[in-house]
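A.B. asks: Put together the whole structure using the sequences plus the hints.
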Amino acid sequence: MWETCSGLSKSTLTGERLYLRPLASRDAEALLRLVSENREFFAQREAAVRGEGYFTVDGQLERIQEVVQMEASGRGVNLGIFLHAGDELIGHLALFGILRGGFQEARIGYMLAERHSGQGYATEAVNLAVAYAFGELDLHRLETGVQLDNPASARVLSKAGFREEGMSLHWVQIAEAWEDCLRFGLTKGEWEEPALPG
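Read left to right, the sequence shown gives residues 26 to 223 (the numbering used here).
These are computed hints drawn from the structure, not numbers from a lab.
Note that CB positions come from ideal geometry on N, CA and C, so glycine has one too.
It is possible that some hints are incorrect.
Unchecked claim - Simulated restraints on C-beta separations:
{"hint": "1", "residue 1": "Ala156", "residue 2": "Glu65", "range": "26 to 34 Å"}
{"hint": "2", "residue 1": "Gly143", "residue 2": "Ala200", "range": "18 to 26 Å"}
{"hint": "3", "residue 1": "Glu139", "residue 2": "Glu189", "range": "22 to 30 Å"}
{"hint": "4", "residue 1": "Ala179", "residue 2": "Ala73", "range": "16 to 24 Å"}
{"hint": "5", "residue 1": "Gln94", "residue 2": "Gln198", "range": "17 to 25 Å"}
{"hint": "6", "residue 1": "Gly78", "residue 2": "Glu215", "range": "22 to 30 Å"}
{"hint": "7", "residue 1": "Arg51", "residue 2": "Gly76", "range": "18 to 26 Å"}
{"hint": "8", "residue 1": "Leu124", "residue 2": "Glu87", "range": "24 to 32 Å"}
{"hint": "9", "residue 1": "Leu194", "residue 2": "Arg42", "range": "35 to 43 Å"}
{"hint": "10", "residue 1": "Lys184", "residue 2": "Thr81", "range": "31 to 39 Å"}
C.D. replies: So this is what it looks like as structure tokens:
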């Protein structure tokens, strides 16, 4: 399922229709194309405020360098989502805010190009990342939040085995507004032995 070269940030996670791998400087133009073509779509879900400099090759090279530093510090892993067919970059996925010690947890977040939404790619990518998080990274728990107006993302998480844990009021600021989010979590034990339906 995954190949590890040298270090966690060098891993490629391979699925049926897509693969995840760390973004590198050679991906800057493809990443720029992805974020530019989906600027309005991504802005509905991103907590970060993006200035015009972000939407340049240099802006994407800077972003990739920040990701490399985050990975080197052990705080997270950010992976591009690529289709096997044509090696097209269609999104990105992050395991971030990694806590070790008594927690052994991380948050998971993902963005997929609008034209590739609704085709099962996000579910496949999340499943690959969950296996990596509980396998290679040996984490105990993953969690995330989903805006109330994003039922598609809630379905992705449910299909990947996450359970809804409740709602957090004013959990994340998006486009200068504090958004309530449904909270989802998954433990390694739940993933290893999924509950039977019923």
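A.B. asks: Now look at each hint and say whether the structure bears it out.
C.D. replies: Hint check:
Distance hint for Ala156 and Glu65: a CB-CB separation of about 32 Å, consistent with the stated range 26 to 34 Å. Restraint check, Gly143 to Ala200: a C-beta distance of roughly 23 Å satisfies the suggested window 18 to 26 Å. Separation of Glu139 from Glu189 is about 25 Å and conforms to the stated range, judged on CB atoms against 22 to 30 Å. For Ala179 and Ala73, the Cβ-Cβ distance of about 22 Å falls inside the hinted range of 16 to 24 Å, so the restraint holds.
For Gln94 and Gln198, the Cβ-Cβ distance of about 24 Å falls inside the hinted range of 17 to 25 Å, so the restraint holds. Checked against the given bound of 22 to 30 Å, the beta carbons of Gly78 and Glu215, roughly 42 Å apart, lie outside it. For the hinted restraint 18 to 26 Å between Arg51 and Gly76, the CB-CB distance of approximately 24 Å keeps it satisfied. At roughly 26 Å, the beta-carbon separation of Leu124 and Glu87 lies within the given 24 to 32 Å, and the hint holds.
Here the CB-CB span from Leu194 to Arg42 is close to 37 Å, well matched to the stated 35 to 43 Å. The beta-carbon spacing between Lys184 and Thr81, approximately 36 Å, falls within the hinted interval of 31 to 39 Å.
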